[in-house]
Amino acid sequence: MQIINYADEERRQEDNRKLWDKVTAYFRSRSLWMLHYCTGCGAMELPPIMTSRWDIERFGIVPMATPRQADILLLTGYASTNTMKRIIRTYEQMPEPKWVIAFGSCTVNGGMYWDSYNTVNNVGEYIPIDITIAGCMPRPEAILDTMVKLMNMVKSGDAKAFQKYKDNYGYYKANQDKLFARTAPVLESASLKYVHNETEGSEQ
Amino acid sequence: MNIMLMLLVVPLITAFLTMAILKHQKTVWTIFLAVSGYLSYALFTMYGKWDLSWSIELGFKMFGKNVVLSLINSPLGWFFAFFASLTTLLIAMFSIAYNDEKHDSKTAPIWLLLIFSNIGIFFAKDWLMFFIMWEAMSTTAYFIIAHGKEISAKAAKFYLSISLIGTSTLLLGIILVSRLSQTFDIGVSIDSLVKLFSTNYSAALLYIGLFITTFLIKSAIFPFYMWPSKAYAESPDDFTPFLSTVMSKYGVYGLILFILPILAKSDLPMFGKISQPAYMLAVLGAITSVLATILAIFQTDMKKLFAYSSVANVGYIVMGLATMSVVGIQGALFHSVNHMIFKTAIFLSLAAVIYRTGERDMHKLGGLVYKMPLTFLVYLLAIISAAGIPPLSGFTSKWLIVQALMAQKMLFVVVAMIFASTGAFMYLLRCLASVFLGQLPDKYKDIKEAPLLMAIPMTILMLLTLAIGVIPGIITKPIDAVLTGMGYNVEPSSWTTVHTALAKSDLNLTYLFYVFMVACVISLIMYLISGKQEKIDQIDNYTAGENPLEWDTTPDRFNFAYGFYQPFKQMFNPMLDLISFERWMSSFGRIVERASSALSLLYTRSEGAILMLYIGIAILIIGGMM
Amino acid sequence: MNSVLFLIVIPLLGAFLALFGKKANRIVAILITAFTEIFSIMIYLSDKLPVSVAIGGWQAPYGINFVLTPLSVGFIVLINLAAIISLFIIRGEKEYQFYSTYLVLLAAANGIVLTGDIFNFYIFSELTTFAITALIAYPRNRRSTGAAIKYLILASTASSFLLIGIGVVYKTLGTLNIADIASKIDLLNPLTLELIIVLILTGIFVELELFPFNMWVPKAYFAGTASVNVMLHGMLGTAGAYIIARILLTMFAVNGSGMLVNANIANAIIVIAMLTIFVSEIAAFNEKKLKKVLAFSSMGQMGLIIFGFMIGNEQALTGAFYMVVANFLAKIILFVLTGEFIAMTGSDNWEDMKGIGRKHPVAGVSFVIGSLSLMGVPFFAGFWGKLAVIQGAMSGNSFMITGIVIILITAVVEGVYFLKISHTFFLKKEDEKEFNAKARIHSIVIAAALAVIVLAIGVHPGLIENNVNRATNEILNSTSNYVDVVFPGRY
Amino acid sequence: MVVINIILYSLFAILVGLIFMGIGRKVSARMHLRYGPPFYQSILDIFKLMSRKSFTHNFVMDLGMVMALAGLLGTMLYVPIAGHSAFISNSNIIVIMYLMAIGSLGMAMAVTASGNPNATIGISRALTMMLGYEIPFFIIVLGLIISNNSSSISVIAASQAGSIWNWNIWHMPLGYIAMEITLQAMMGEKPFDAMIAPAEVASGPMVELSGKYLGLGLLTHAVSIFVETGLMVNFFFGGGSNPIDFVIKQLGIYLIAVIFDNIFPRYKIEQAVKFLWIFPTGIAVVQLLLLAF
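Residue numbers (the numbering used here), protein chains in the order written: chain A, 1 to 204; chain B, 1 to 626; chain C, 1 to 491; chain D, 1 to 293.
Mixed in with the good hints, there may be bad ones.
Below, in silico cross-link-like pairs of lysine to aspartate or glutamate (DMTMM-like), each with a Cα-Cα straight-line distance of 25 Å or less [unchecked claim]:
#, chain 1, residue 1, chain 2, residue 2
1, C, K288, C, D431
2, B, K102, C, D431
3, C, K429, B, E101
4, C, K433, B, E101
5, D, K274, B, D577
These are computed hints drawn from the structure, not numbers from a lab.
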């Protein structure tokens with residue numbers, strides 16, 4: 001399957017955007033709401049950037065509780081196969097436009113857990129990632145820098161990974177299915193059937 | 001033939017007629033509709049003819065005179081009778097569709113008898129007529145509530161015992177009062193009671209206490225607020241609106257007819273701006289609405305929930321009456337009509353839901369808005385009205401009552417009123433959220449919208465509540481006639497504005513509606529100019545990344561509906577135990593049952609027979625000695 | 001007017017003949033009862049009333065005399081009506097003993113009402129006792145024998161009291177004629193009077209089903225068949241109401257006022273009446289056997305009637321007489337239908353009688369009408385009686401106010417169990433089984449016809465107003481209406 | 001003319017509310033020793049939300065959010081701004097109280113329509129809280145109505161005209177204290193924000209709101225801030241002599257709420273209701289009794 005390289009495409013038609021799109025892109029870049037999906041130890045680095053030392057809110061970036069409200073999905077660390085399922089569902093529940101920032105080595109190559117049976121070594125095979133931050137773990141400065149980069153990308157219209165996901169959905173879906181085929185027997189053997197007690201009558 | 005007599009005769013004759021052809025249900029209910037239509041029309045033509053009357057002399061002597069039963073067309077009676085029959089007309093249309101093979105309650109003939117007594121109560125000129133019709137109403141209602149179902153019969157027993165207590169006190173009161181005035185005429189008895197208040201205060205208080213007890217029982221005011229939750233819930237679904245809206249007004253009617261004039265004319269000890277008995281009444285109304293609201297919040301059965309809601313609403317009406325002021329009575333009368341309209345709409349839409357799903361527990365339903373959008377809309381507008389939110393009708397009357405209470409400085413009563421009406425918001429939304437919104441359970445995937453014959457009356461009710469809300473004059477104009485008939489001096493009310501006793505506080509409701517509409521348009525523009533939306537599946541929810549369906553969660557279990565106000569309920573648990581009138585009643589019932597068993601055991605044993613005989617002789621001898 | 005003797009003699013003759021008849025017994029009994037009924041109606045409608053008939057030419061106070069007043073003849077009409085209905089609803093073949101004892105009962109009941117002297121009254125009441133005992137015991141099973149013996153023991157004990165009382169009267173006043181006693185009652189010293197009243201009351205209260213004396217009632221009703229129930233209620237009970245009116249309110253009355261001569265005893269009777277109402281209605285509340293429920297209710301109604309009689313003013317008396325009629329009609333409806341229902345379902349328990357009202361709506365509705373009338377709901381005959389009694393009691397002392405309160409409280413209990421039972425008939429039948437037997441059309445027709453009468457009286461109480469007024473006036477002016485008839489010119 | 005007035009007033013209220021929110025964020029950032037976003041940050045947020053794509057579950061969500069904003073705008077139009085109003089009315093308090101309920105109803109309807117249990121829990125908490133704060137709020141209002149014998153806000157505001165010493169805050173200090181606590185609950189600020197509780201119920205009512213729905217929700221919140229602070233100004237601070245005065249007073253009141261928001265933890269819902277029914281209600285009742293007798 002052929003992967004379209006959006007970065008090249010964008011650069012070629014950079015200035016063809018309408019004024020309205022430019023304006024919205026500006027506003028979007030100034031009001032990025034993030035959903036930090038704390039998959040691993042990288043989440044430790046988020047409190048410093050949100051509190052008084054680095055104060056990311058001055059860029060309009062605030063944490064949000066649900067994917068419906070968020071613009072950025074932050075994957076803060078390694079993803080196991082079961083976690084990946086949640087990540088994908090969360091990602092798909094975010095309204096467009098949406099961006100993904102992957103944290104640390106684990107999300108790129110599995111990091112120190114690369115040979116574990118249930119670690120996803122490259123998150124980018126399953127969901128499109130706009131920016132990855134190297135390091136184990138990355139420093140807050142790096143995160144802050146990434147955020148500013150993302151802001152600029154949004155402003156210039158470069159951050160289009162979500163388009164990539166839409167256009168190459170078949171590719172991503174195939175990868176995801178291959179991955180989840182491994183988890184199926186685990187889920188079935190675990191008897192997680194929820195037994196619901198029908199409670200009759202009034203509460204009183 | 002005298003039109004007053006026709007009002008009584010037509011339902012009576014058709015009741016017997018329909019009894020004969022009870023097998024053809026559709027015909028029976030169509031006749032029922034025709035009769036209610038006739039009654040509504042006849043009552044409509046009777047407006048303004050306050051000299052209509054009818055009377056009959058019976059060959060039965062009391063107070064040395066032959067008993068006379070008479071009817072008279074009074075503005076107050078007309079007001080209640082007309083709106084009651086209008087409500088009945090709409091319910092009747094609904095009933096034609098509702099009573100199919102599956103939901104056949106076969107209650108039409110008894111219901112016609114009930115309508116017969118309904119007219120009698122509202123137009124009675126003397127106490128005997130009033131009592132006769134009252135008792136007829138109580139017993140016929142029992143048979144409709146029980147309607148040949150075992151579980152309903154149990155609930156109806158509860159209704160029956162309390163209602164019979166009511167008729168007993170009414171009979172006692174009537175006989176006491178008519179002995180006082182040596183006639184059964186209601187007007188004369190008011191005067192004689194006023195006189196009694198000046199001579200023997202406590203006796204007079206006892207006399208009106210007996211009447212008030214009856215009226216409170218019928219309107220389910222504290223301490224008798226428990227029976228509706230049983231009776232309303234188990235009665236036929238198409239009868240519940242009648243029970244809740246029309247029959248709860250008998251007590252209100254009785255209070256306005258008899259108690260208010262006495263309290264207004266008598267010279268009574270005052271508490272603040274109003275007399276002590278009236279204040280007592282207001283407090284009872286306040287307690288009722290607060291308690292009923294709290295209880296309604298915790299129900300899971302939707303009919304029980306709205307049963308308590310009805311109780312709370314009648315509580316408002318009683319509070320309004322107890323102010324003894326023009327605005328308060330106006331508000332109470334207005335709210336009576338409003339309650340008839342919006343509560344009928346609510347119960348009918350719930351009946352439509354039950355008709356389609358056969359389920360009464362709210363937590364087993366959900367998401368019906370997709371399948372029954374019209375029913376949802378009717379329900380929505382009705383609850384907006386019930387919550388007293390402008391621009392629908394419920395607001396105007398609540399506003400009037402609140403204003404009257406504030407003008408009379410009944411501070412804690414008005415706080416109770418606000419508590420109840422905010423609490424109303426809680427339970428109304430609970431039903432909305434649990435029944436119509438949320439996830440649609442799989443088994444209801446292919447239910448349909450309510451049938452056309454059900455939809456028509458519901459739509460009419462919806463439009464009525466909107467129309468009255470925007471143009472309150474529809475109701476305030478007849479209320480003027482009622483108030484004038486009661487001897488109050490009232491200025492003619494305007495079509496759009498409602499007046500109050502407080503300074504600079506009048507309110508133009510039509511204007512309010514315009515303003516709200518403009519605000520809606522602004523809001524709609526905001527909505528339209530912003531980005532596109534995409535419709536997604538109902539179950540596609542944020543659940544921390546989990547897919548609920550994978551965990552064997554079905555849509556109805558996914559709904560948050562069962563313990564809707566659980567933390568709030570925990571606050572009230574100790575109090576709920578304390579106020580469980582139901583428990584008192586059932587423990588009292590158990591005592592009677594035990595006594596009954598013990599006494600009948602006395603009769604089954606043979607040994608004591610002669611001993612008892614001697615005890616009897618002893619009673620006679622001792623009695624003779626004393 | 002000596003032909004009035006036919007009312008007693010012909011049934012007695014029939015009783016003798018019935019020993020020889022086989023299949024024809026029922027027809028004969030019906031013919032005889034029809035004759036007495038028609039004859040009594042003719043007497044009632046003739047304008048010769050009131051009249052005293054001396055039997056065998058011996059004038060009162062020495063001879064036996066029958067006194068025919070509107071009151072007594074009116075009661076005769078009711079008693080015979082009940083008798084004829086009881087014959088119509090007999091289910092299955094009965095042997096000669098049944099008809100024979102029935103005819104004795106008829107004669108005795110007529111005799112109780114007609115007799116003008118107290119010793120004959122005693123004789124006739126003994127006769128009824130034995131007849132009833134035999135009728136209750138007729139099914140010859142454990143239950144009926146037990147009930148009959150219980151009744152017999154109680155009734156005989158009571159009769160002995162009655163006999164002693166009569167003896168004391170004869171010893172002190174030297175006369176047995178009711179009118180004679182009534183006119184001489186002032187001559188007795190109070191203690192003797194009290195003794196006499198207590199003894200005689202004990203005798204008659206057993207038959208009147210009043211509370212501490214009525215231990216036999218539920219069992220007797222329960223053991224008897226439907227027709228015996230109608231006899232017990234319609235003949236014995238109605239005769240009992242007459243006895244109260246005659247013995248207490250005429251014989252022991254303050255001159256011509258309808259008040260008992262000893263006010264204390266009157267109060268004691270009111271207490272007993274109130275106890276009866278209270279106990280019986282409460283006892284009926286949880287009772288599952290339909291016949292027992294009706295038996296308890298009969299007791300309660302009797303208590304109510306006696307309460308009405310004892311208040312002593314015109315209003316209350318009117319009410320009591322209305323109540324006699326209403327109770328008579330309504331209870332017969334219920335007993336007739338109960339017999340049918342029990343035969344249909346094969347169970348005594350009202351909880352098993354589901355679905356009957358759906359199958360036979362007329363029967364169901366008639367039952368409802370009967371119960372509503374007993375409850376005293378407007379539009380039914382019982383209402384006017386209850387209204388008038390309560391109205392009359394209002395003018396009495398605090399005792400009576402208590403009575404009103406008790407009546408109203410028990411009305412609630414009564415209403416609950418009656419409507420509960422009535423509604424059970426309209427429940428859906430749980431199993432699809434057919435009923436054991438078919439309902440007989442003539443029973444339902446009888447019940448429905450009586451229900452229509454109950455409704456008619458309820459809607460228009462004027463229908464029987466004249467008759468009730470005649471009865472009331474007779475009690476209120478007992479001197480002129482009773483004593484003067486027997487002894488013209490004594491006053 | 002009236003229609004144009006209404007539109008202008010609405011825009012004014014929205015703008016003021018949004019800027020207040022921005023200033024509030026700035027102030028809390030400063031309290032945290034942070035720099036904080038610019039004061040116009042809320043406007044940027046609204047624009048972003050409105051312009052992005054959004055998810056709806058069904059038409060009730062659209063209806064509900066439109067109703068919510070319309071209700072609050074309608075309410076706002078009845079609040080006199082320094083004696084000015086979009087149209088001539090008596091500004092009845094009871095009307096305002098009930099009109100505000102439309103907003104709550106619309107919001108509640110929209111979010112429960114999403115079918116998310118978190119949203120429904122949030123709404124159940126919000127309504128419980130509403131019952132909690134309406135009682136003390138109404139008792140205070142009742143005191144004002146009794147003392148002025150009118151339920152018109154204009155009358156109440158006009159009665160405080162003239163000197164600063166005519167303000168009700170001096171006449172009924174207890175009422176003011178109770179009102180300040182109640183206002184905290186009305187605006188859903190800590191310690192009374194159990195319905196939002198992002199860590200417990202994933203921001204409660206807003207959990208399924210995306211894009212323009214959240215935008216409309218924020219606008220509703222902005223207008224409600226305007227209404228609630230505006231009521232407070234009219235009740236206790238003389239109603240303002242001109243619009244600028246009025247808005248400054250509103251801002252002051254709002255900042256007090258923001259400061260409290262930053263220094264308090266969160267009550268559980270039943271604790272909150274109990275607190276509201278004991279302390280502010282008790283204080284308000286004392287105030288009412290002082291006024292009435």
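Evaluation of the provided hints:
1. K288/C to D431/C: Distance of about 20 Å is within 25 Å: holds.
2. K102/B to D431/C: 19 Å, holds
3. K429/C to E101/B: OK: K429/C and E101/B at ~17 Å, within 25 Å.
4. K433/C to E101/B: It holds: about 22 Å lies between the C-alpha atoms, which stays within 25 Å.
5. K274/D to D577/B: Given pair K274/D, D577/B holds - Cα atoms ~19 Å apart, limit 25 Å.
Of the numbered hints given earlier, the model fails none.
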